[in-house]
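Fit the two chains together into the complex; they arrive one by one in their own frames, and the hints show the way.
As they're listed, the protein sequences go chains A and B. For reference, each letter of the first sequence is one residue, going 1 to 147 in this note's numbering. For reference, each letter of the second sequence is one residue, going 1001 to 1071 in this note's numbering.
Any given hint might turn out to be false.
[Said to hold, decoys possible] Cβ-Cβ distance ranges computed for the label pairs, FRET-style:
no.	chain 1	residue 1	chain 2	residue 2	range
1	B	Glu1043	A	Ala133	34 to 44 angstroms
2	A	Glu10	B	Ser1062	42 to 52 angstroms
3	B	Leu1044	A	Arg11	14 to 24 angstroms
4	B	Pro1051	A	Ala133	16 to 26 angstroms
Derived by calculation from the structure, the hints in this document are not laboratory data. Remember, predicted model here, so these are calculated numbers, not experimental data. All residues carry an ideal CB built from backbone N, CA and C; glycine is no exception.
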Amino acid sequence: MSLISPADQERLREEFAKMTRPVRLLFFTQTLGCETCHITQQVLHELPPLSDQISIEEVNFVLEGDKAAQYGVDRVPAIAVAYVDGDEVKDTRIRFLGTPAGYEFISLIRAVLLAGRGRPPDLSEAALTRVAAVATPTTMHVFTTPT
Amino acid sequence: MLAHEMAFASSHITAFAVEATEFPDLARRYRVSAVPKTIVNEELEILGALPEPAFIDQALGSAPPTPESDE
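Bound-form chain B, shown alone (with noise of 0.2 angstroms):
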């Protein structure tokens, strides 16, 4: 699981697999009516499976620019 890869890789970041039907008030919570469904920090939402790219700007925000070389 990407979320699982991005904990293991940085120590900021905490991730929990949910088993949707087991926890009907978290589902509710944050309004899951499909799956998978990834919430960040409570509230931004990521729908369905992305590849990897896409999943890692919307969880963490577009990409920063990358500084020019030209020193």
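Just chain A, same shape as in the assembly (with noise of 0.2 angstroms):
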């Protein structure tokens, strides 16, 4: 059974369809010792039915150290949301610790619309200035409840 309402399936399929390019959300999960990586792998799955824009690709954290730690993953269940711009899978930063449930989930789907809609993120022509100045790597950590 899907965690999602048909009513809200379909207003996400309208949403995504508005998406330029392909999104492809990298899922850092393991097999043991990980109480929410499975909750969030069935989030997860809902979302390539709902466009064929959405992909998701599996990165076993245990396994595939290297590239938890290209993504700066360093705990699961982990989303890292990329886009895909002819051959090459280009990483937007953005990233999410635990299950993307209730508020984290307007999130990841606001993320999701963001990288595949290829256009400048949501934010005053201000903001853009005083980010785009930013010239020495920041890394923020929000932290939120799903509640």
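Here's what the structure looks like:
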């Protein structure tokens, strides 16, 4: 049974139809010792049936440590949002740690749309100017809860 | 999420949305007692959901002074 209601599935289909390029969600997971990896997998696999532009790439956190390091992932479940440009997979540097449920599910949908539409993010001109001036590596962790 | 928009806009910014209850070790490390709470570069703390200009100011430091256009 789907975790998303039929009405919400329809709304998501309409939104995803506006995407202009393929989005790839790298899902970092492991089989043992990860309580929420399975539910995260279930949530993620709800998305590709709603758009042929969305694909999931499962990355084994234990066996593919290099890839986890490349994406700055040090725990699971984790999601890295990327898009496909020709033959290249381009990282958006948008990450999720933990199950994307509740509020985080909405954030995940927004991230997919951002990556898939290939247009400037929803920031004011002033904010874009400030952000474009950032010249040193900056990492942000935003803590939320599902409700 | 504002931090995600910033990451998308700059190749120097990486933004993690962290589900606090799933990672109590991280919540403890960054002293998260209420959400949302944002940590920038491991130390700077931003409490609550702020409007865009205030969030950007706190995350990146105050805006640099605008150069006078009096050539």
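For each hint, the structure was consulted:
For B:Glu1043 and A:Ala133, the Cβ-Cβ distance of about 21 angstroms falls outside the hinted range of 34 to 44 angstroms, so the restraint is violated. The hinted range of 42 to 52 angstroms is satisfied by A:Glu10 and B:Ser1062, whose Cβ atoms lie roughly 45 angstroms apart. Take B:Leu1044 and A:Arg11: their Cβ atoms lie about 37 angstroms apart, and the range 14 to 24 angstroms is violated. Separated by about 20 angstroms at the C-beta atoms, B:Pro1051 and A:Ala133 satisfy the suggested range of 16 to 26 angstroms.
In the structure shown, a violation is registered for the earlier hints numbered 1 and 3, in ascending order.
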